[in-house]
Amino acid sequence: MRTLVLTCAFIAGFCIMTIELLGGKILAPYFGSSVYVWGSIITIFMLALSGGYLAGGKLSTLNPGTRTYGLLLIAAAITVLPLIFGHEWVSDQIFSVIEDPRYGSLLASIILFFIPTFILGMISPYSIRLLIDSTASSGQTAGFLYFVSTLGSAIGTLATSFYLVLWFEIDTVLYAVSLVLGLAGIWSLLSKRLEVA
Amino acid sequence: MINRLLSTPVTLLLLMSLLLMSAASAEVIEEQRSLYQKVFMVEENGMRCMRFKKRSTRNFSQSCIYLADRELFVFDYYKQAMAATFFVKQPAEILVIGLGGGVLAGTFGELFPQANITSVEIDPVVVKMAHKYFDYSDEADNITTVVQDGRVFVKRALKKGRRFDLVILDAFSSDYIPEHMLTREFLEEVKTVLADHGLLVANTFSASKLFNHESTTYQAVFGEFYQVRFTGMDVSRVIIASNQKLPDISSLLPRVNQVRGMLQPLGVDALSLYSSISSEVNWDIKARILTDQYSPANLLNSGSR
Numbered sequence: 001m002r003t004l005v006l007t008c009a010f011i012a013g014f015c016i017m018t019i020e021l022l023g024g025k026i027l028a029p030y031f032g033s034s035v036y037v038w039g040s041i042i043t044i045f046m047l048a049l050s051g052g053y054l055a056g057g058k059l060s061t062l063n064p065g066t067r068t069y070g071l072l073l074i075a076a077a078i079t080v081l082p083l084i085f086g087h088e089w090v091s092d093q094i095f096s097v098i099e100d101p102r103y104g105s106l107l108a109s110i111i112l113f114f115i116p117t118f119i120l121g122m123i124s125p126y127s128i129r130l131l132i133d134s135t136a137s138s139g140q141t142a143g144f145l146y147f148v149s150t151l152g153s154a155i156g157t158l159a160t161s162f163y164l165v166l167w168f169e170i171d172t173v174l175y176a177v178s179l180v181l182g183l184a185g186i187w188s189l190l191s192k193r194l195e196v197a
Numbered sequence: 001m002i003n004r005l006l007s008t009p010v011t012l013l014l015l016m017s018l019l020l021m022s023a024a025s026a027e028v029i030e031e032q033r034s035l036y037q038k039v040f041m042v043e044e045n046g047m048r049c050m051r052f053k054k055r056s057t058r059n060f061s062q063s064c065i066y067l068a069d070r071e072l073f074v075f076d077y078y079k080q081a082m083a084a085t086f087f088v089k090q091p092a093e094i095l096v097i098g099l100g101g102g103v104l105a106g107t108f109g110e111l112f113p114q115a116n117i118t119s120v121e122i123d124p125v126v127v128k129m130a131h132k133y134f135d136y137s138d139e140a141d142n143i144t145t146v147v148q149d150g151r152v153f154v155k156r157a158l159k160k161g162r163r164f165d166l167v168i169l170d171a172f173s174s175d176y177i178p179e180h181m182l183t184r185e186f187l188e189e190v191k192t193v194l195a196d197h198g199l200l201v202a203n204t205f206s207a208s209k210l211f212n213h214e215s216t217t218y219q220a221v222f223g224e225f226y227q228v229r230f231t232g233m234d235v236s237r238v239i240i241a242s243n244q245k246l247p248d249i250s251s252l253l254p255r256v257n258q259v260r261g262m263l264q265p266l267g268v269d270a271l272s273l274y275s276s277i278s279s280e281v282n283w284d285i286k287a288r289i290l291t292d293q294y295s296p297a298n299l300l301n302s303g304s305r
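For the protein sequence lines, the chains are A and B, in the order given. Each residue of the first sequence is one higher than the one before, starting from 1 at the first, in this note's numbering. Each residue of the second sequence is one higher than the one before, starting from 1 at the first, in this note's numbering.
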């Protein structure tokens, strides 16, 4: 289970930053690449993650196990899909309604990125719960999990900005994100049913 | 004889020290940090330039003027952009995306005094510097400056049903044209914002791999377009395109003769400018088109052609 949880935490960290970086490219045609567009994106990602941490922590108190964990990953995979299908339409609608690109990009970020990022944020505290076996080593376990998931974020940032955008279309990368999250979720569902005491 | 032998090294030394002095005379007269970059005003070799990087390998300035003769063009691309006067006679609405020092906006204002000129610039510090150091003025009723992202402006203009007879694309960051202003979707928006028989003039480079991708993208949107390039000179390439079929290059000659006198004070020889217009396809036609989905412009720009 340790391998499963660490791999999934790595994947979640990777995917968060892939979506965030592509977010800038998704919004640029409508709201420009001004600094406030990045401001909007980063604000919403931070808010979604903080809410996700809270909710994930809370959820981990109710019968924590690999089943719920897998469902979380699948939920993340599914909520990335409307982002792929809807980003042009959503940006276009908001562009028509809101003249100020600051609030336009903020609203678009909420609608497009909040939900998948929120769910991806839930993965971290839930992972810690699945890994922890004693209070004495809890700090060490949490530290190691942060290490793995933040390493995933760093590599996701680098891979996306250096290579993925050079090789693929934005939507193709997002489909891959959804697919990988979904596969991770199925792996978790199929792994030996495990409820943590 | 001895004198001459002596004088040669002395002259050389003198020349060298003069050269050194002029190289050392590059003086930063003002620098200001903006939201987007650091804007440097530099004076050297009798020129005043706006730069976004203090030093760069290409010595890449955004805008330059000669202090002794501010009318005289410094950059080839300024001259190349004047080819627009061969195509448009009396534009009513002119849009300049990327103000910089305001050299092109100002020149078109003088060449077409009856036109309304709207300049879009993302960086308010650049606008301030243009006023302060380049004599850019938008006091007159027909001159407008908008601080906004160029693509957002065009999209908004489309919604409002605005049309322009002449559009100049000259938006540059410290690296190159911003990625979202190189895509097929953006060029389609620009094509739509052009009035009937409107003309697009775009300042681009031809040094990197991106040249091929940019060219196929313009081709995909506009069909045939013209390039203005000076042989054996630097990397500047100005693209000329329209939403209608462009007139044959040979049919421009009468108009070239008409505007000769007008362009002369700018240091532009109309005839040699005319001869540098070409419809030649000199790019890799298989290069992938840049779209909103695929536009790694800066990555492509770093690879050599």
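Be aware that a few hints might be false.
What the hints assert, rightly or not - As a list, the in silico BS3-like pairs of lysine-lysine whose alpha-carbon atoms are at most 25 Å apart:
| no. | chain 1 | residue 1 | chain 2 | residue 2 |
| --- | --- | --- | --- | --- |
| 1 | A | 25 | B | 38 |
| 2 | A | 25 | B | 209 |
| 3 | B | 159 | A | 25 |
Derived from the structure by calculation, the hints contain no laboratory data.
**Message:** So, against the hints stated earlier in the document, which numbers end up violated here?
**Reply:** Every hint satisfied by this model.
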